[in-house]
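Number of protein chains: 2
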Amino acid sequence: MTSVQCVNPRVRRIRDSPQTVLQNLAEHITKEISLQKPFKEVIDVSAGDTHRAVLKPVSFLRQVLAVCVYPALLEDKSLPLDVKIRAQKLLEACDGGSVGSYTASSGLSHVRQSIAEFITKRDGIPSFAENIFICAGSQRAIMIAVKLLASGEGTTRTGVLIPAPCPHTLYPLLDEADVVLVPYQLMEEKGWAVELDKLHQALQATRRNCEPRAIYISNPGNPTGHVQDRKSIEEVIQFAAAERLILLVDEVYQDSVYGKDREFISYKKVLFEMDKEYAETVELVSFHSLSSACMGECGMRAGYMEVVNMDPEVMYYFDNTLCGDISTPVTGQLALDLMVIPPQPGDPSYDMYIQETLFTLATLSHNAKRVQEFLNKLPGVSCQPAMGGIYLFPRLHLPCGIKEQAKLLGLKDDVLYCQKLLEEEGVLAGAGQYGGITDSCHLRLCILVPSDTLDEVLARLSSFHCRLLGGTVTPRDA
Amino acid sequence: MTSVQCVNPRVRRIRDSPQTVLQNLAEHITKEISLQKPFKEVIDVSAGDTHRAVLKPVSFLRQVLAVCVYPALLEDKSLPLDVKIRAQKLLEACDGGSVGSYTASSGLSHVRQSIAEFITKRDGIPSFAENIFICAGSQRAIMIAVKLLASGEGTTRTGVLIPAPCPHTLYPLLDEADVVLVPYQLMEEKGWAVELDKLHQALQATRRNCEPRAIYISNPGNPTGHVQDRKSIEEVIQFAAAERLILLVDEVYQDSVYGKDREFISYKKVLFEMDKEYAETVELVSFHSLSSACMGECGMRAGYMEVVNMDPEVMYYFDNTLCGDISTPVTGQLALDLMVIPPQPGDPSYDMYIQETLFTLATLSHNAKRVQEFLNKLPGVSCQPAMGGIYLFPRLHLPCGIKEQAKLLGLKDDVLYCQKLLEEEGVLAGAGQYGGITDSCHLRLCILVPSDTLDEVLARLSSFHCRLLGGTVTPRDA
Chain S
1 MTSVQCVNPR VRRIRDSPQT VLQNLAEHIT KEISLQKPFK EVIDVSAGDT
51 HRAVLKPVSF LRQVLAVCVY PALLEDKSLP LDVKIRAQKL LEACDGGSVG
101 SYTASSGLSH VRQSIAEFIT KRDGIPSFAE NIFICAGSQR AIMIAVKLLA
151 SGEGTTRTGV LIPAPCPHTL YPLLDEADVV LVPYQLMEEK GWAVELDKLH
201 QALQATRRNC EPRAIYISNP GNPTGHVQDR KSIEEVIQFA AAERLILLVD
251 EVYQDSVYGK DREFISYKKV LFEMDKEYAE TVELVSFHSL SSACMGECGM
301 RAGYMEVVNM DPEVMYYFDN TLCGDISTPV TGQLALDLMV IPPQPGDPSY
351 DMYIQETLFT LATLSHNAKR VQEFLNKLPG VSCQPAMGGI YLFPRLHLPC
401 GIKEQAKLLG LKDDVLYCQK LLEEEGVLAG AGQYGGITDS CHLRLCILVP
451 SDTLDEVLAR LSSFHCRLLG GTVTPRDA
Chain V
1001 MTSVQCVNPR VRRIRDSPQT VLQNLAEHIT KEISLQKPFK EVIDVSAGDT
1051 HRAVLKPVSF LRQVLAVCVY PALLEDKSLP LDVKIRAQKL LEACDGGSVG
1101 SYTASSGLSH VRQSIAEFIT KRDGIPSFAE NIFICAGSQR AIMIAVKLLA
1151 SGEGTTRTGV LIPAPCPHTL YPLLDEADVV LVPYQLMEEK GWAVELDKLH
1201 QALQATRRNC EPRAIYISNP GNPTGHVQDR KSIEEVIQFA AAERLILLVD
1251 EVYQDSVYGK DREFISYKKV LFEMDKEYAE TVELVSFHSL SSACMGECGM
1301 RAGYMEVVNM DPEVMYYFDN TLCGDISTPV TGQLALDLMV IPPQPGDPSY
1351 DMYIQETLFT LATLSHNAKR VQEFLNKLPG VSCQPAMGGI YLFPRLHLPC
1401 GIKEQAKLLG LKDDVLYCQK LLEEEGVLAG AGQYGGITDS CHLRLCILVP
1451 SDTLDEVLAR LSSFHCRLLG GTVTPRDA
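So the protein sequences, as listed, match chains S and V. Those letters in the first sequence? Residues 1 to 478, by the working numbering. Those letters in the second sequence? Residues 1001 to 1478, by the working numbering.
Source of the hints: derived by calculation from the structure; they are not laboratory data. Hints should not be assumed to be uniformly reliable.
Calculated cross-link-like contacts (lysine-lysine; reagent style DSSO-like; alpha-carbon spacing at most 27 Å) [unchecked claim]:
#	chain 1	residue 1	chain 2	residue 2
1	S	K420	S	K40
2	V	K1077	S	K56
3	V	K1077	S	K77
4	V	K1056	S	K89
5	S	K377	S	K190
6	S	K77	V	K1056
7	V	K1040	S	K89
8	V	K1089	S	K56
9	V	K1089	S	K31
10	S	K276	S	K260
11	S	K403	S	K377
12	V	K1420	V	K1040
13	S	K198	S	K412
14	V	K1056	V	K1369
15	V	K1089	S	K77
16	V	K1037	V	K1412
17	S	K190	S	K231
18	S	K89	V	K1077
19	V	K1084	S	K84
20	V	K1089	S	K40
21	S	K56	V	K1084
22	S	K84	V	K1056
23	V	K1084	S	K77
24	S	K84	V	K1077
25	S	K56	S	K77
26	S	K260	S	K121
27	V	K1031	S	K89
28	S	K37	S	K412
29	V	K1198	V	K1412
Fair warning: this is a prediction, and the values are worked out from it, not measured in the lab.
Construct the complete structure from the given sequences, taking the supplied hints into account.
Written out as structure tokens, the structure reads:
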């Protein structure tokens, strides 16, 4: 029998993340609830899965997809006319008029064209379909871009700068690509802003260990909620240019900026409005996803990347690497088309579409403010305000007792906190540690949940937190 | 600017396959048709993409999925009752009742359970949900299994035995996993049967180059159309046991066996009906897919593998490796459920389901016979009969003139043949070379096409072939 020693050492290196451990615990608790728990259900606010949180999907998107899946619905009298016209158009873009056919590895050309039009309109800067690559989610796209750059051994291994904190899915993703991860610290006291000094520091510290070739940025920030302004983006671009780094910009929450006087500006727009020495040379890959806040279609697995200023010979390998995936799921590709070209004013579905997406944005904005204020009132908790995205990332100042307990158990403070919160109150929060924060203690909270769910989460969290601190609080920590 | 020399050498190693070159040419020709070509459209019979060939999808599957995508259709009066009941049940299996939610990495437990029930019923041997792993297509599943086994360097690198000919997608797939591919010859003159001698020969020849750890089998055979009987399967299992090889069995065409007195028997059934020394020890991973002949839902990207007799510590890494994929597309997972548990006698959708799938099988069976007979009448062509699957794999005996021309152009004979066939007649056939056949000349023809398309393909092929041979035919070759 194949023993575990025979398993690919690179595969064996992948360990359960704290997130997986917590999720397994949540599953276990869910099964046991009826027997012994004081709560009726586990509420998961550790990850952005809006449909699980029972927020409604965008009707227009689902209607069009239903017709594409079962074209006999083109005759259905209850569906709006624009739904049927759009479905007809999308079906024509599929080989054999069926979502069951393979597509080109880089995606349906019709959808790549729609994405290019969307970006052109968004930025006022031309975008071209041949620079757009569709894949099964933005994370897959990031993986492909990084895999392409991974090379060397020992001190010549490719290094990728990543923020701390970063999306909790990033570590396992980039680890698999076999690159050296070089964290740069975000400035918590400045609302998790990117600071140039920290970028230089990170680069300096790693120069002898690897060959840094790319910098990953999450904007709007996951899990920080920070949204960069033009000046900050310009600084990062200048840094990347000076250090010859490729910009890998995760812009999946571009549709959910709600901070006062803050708007989403894409890295591409800023780059192309800078001097020629930047606009024509800095290599940029930007990522977007159907799992974005307003669509939230995580289960459909579709996203894309736009690649600019890249050598065509290198571009060839984006396409070639994607061939390994055969096709991105077609329903996901069509949904991307609907995301980037939604109903327009005057269309029968326009009003409902606007209503639904505005509701999501209002929920986010309202929850962000509410949770931040609530958390800052809890003893031993401080939370920066968010300007966009779907997370808050509060800091916990825990009493010595629990820190010692964590040490004894061989756990990080935040992982133990999350375990107890889950066991005692049935709330699954994310442990900050896995976002690359190791020397302080943070929680990751998804705020894109209905308001009654949020009531329940805050009540449970507060009750747990005060119990924990009440029992072991010391003057220094409280 | 990043130069192509900086691209990951493992990525750079991936070259365009003959299939890609031919597909690109087909695309180019399609664009030019209106100007200068004698045909009105390019017909692709190189790959199994039944919906592109305008064969109809299974209505029940599409109806249920449409309701799952847009649950307001539960109120639709025109949809059959069993469609709505089934959709309701599947929605309940999704977190938040939405296809937009993430699922566990190994798939929805409801669907894994359905698959285990299907296998149990098919084989009369118990199957367990925890041994089933759902992924984005059977090829992704094969990739994951092989990646898990890949290890070593130089002469200790993992070797995988693969048939020649093999599915044309297998080489790029396994190449990426960085294992040594060890071809074993199938017996063309015996209808492409697997012969024990050839397995031993292949193993003998490679012992010093690598550590053979697995054998891949395609049954029903892609692209050969061969279907193994119980005795042949037993022999392969005994061989694998003696040589301590893991069996990787691609059974995606299990639903399409039409050979006289031939039925599909799974490797698992045969294995578990053998003596304990085999039944309890031989490690087996078997693969199935939604892209199977009768469903043909290639664009939905879903498949699964069942893993038996594997060390639980090793099993853990199947799950762990799948985590990198986040979730398999949910609509694809639900479609798998519908594939393995179709409508039952008495259900409103039963009759239509049976009618549709029998039509596919009848088309296959009829086309297989017709094409084989047709090809064997062409000068310089011999074609083994197929018993299952969706391909025929005829052999071409080409005249010296064209062989010399191919040599001059640096092309394999069959690639040149396919290029000319495509350019002159607009028929895209697969070149046998990429299925690992290098010393003789074969075509891969997908026969799962509507009968009028087939008429057109055969007419064009025959006209091209006779022109080619008529011009350069020599007595020895004709």
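The hints, checked one at a time:
no. : hint                : result
1   : K420/S <-> K40/S    : holds, 17 Å
2   : K1077/V <-> K56/S   : holds, 23 Å
3   : K1077/V <-> K77/S   : holds, 11 Å
4   : K1056/V <-> K89/S   : holds, 19 Å
5   : K377/S <-> K190/S   : holds, 19 Å
6   : K77/S <-> K1056/V   : holds, 23 Å
7   : K1040/V <-> K89/S   : holds, 22 Å
8   : K1089/V <-> K56/S   : holds, 19 Å
9   : K1089/V <-> K31/S   : holds, 20 Å
10  : K276/S <-> K260/S   : violated, 32 Å
11  : K403/S <-> K377/S   : holds, 22 Å
12  : K1420/V <-> K1040/V : holds, 17 Å
13  : K198/S <-> K412/S   : holds, 25 Å
14  : K1056/V <-> K1369/V : holds, 22 Å
15  : K1089/V <-> K77/S   : holds, 26 Å
16  : K1037/V <-> K1412/V : holds, 25 Å
17  : K190/S <-> K231/S   : holds, 15 Å
18  : K89/S <-> K1077/V   : holds, 26 Å
19  : K1084/V <-> K84/S   : holds, 22 Å
20  : K1089/V <-> K40/S   : holds, 22 Å
21  : K56/S <-> K1084/V   : holds, 20 Å
22  : K84/S <-> K1056/V   : holds, 20 Å
23  : K1084/V <-> K77/S   : holds, 19 Å
24  : K84/S <-> K1077/V   : holds, 19 Å
25  : K56/S <-> K77/S     : holds, 23 Å
26  : K260/S <-> K121/S   : holds, 23 Å
27  : K1031/V <-> K89/S   : holds, 20 Å
28  : K37/S <-> K412/S    : holds, 25 Å
29  : K1198/V <-> K1412/V : holds, 25 Å
Checked against the numbered hints given earlier, this structure breaks only hint 10.
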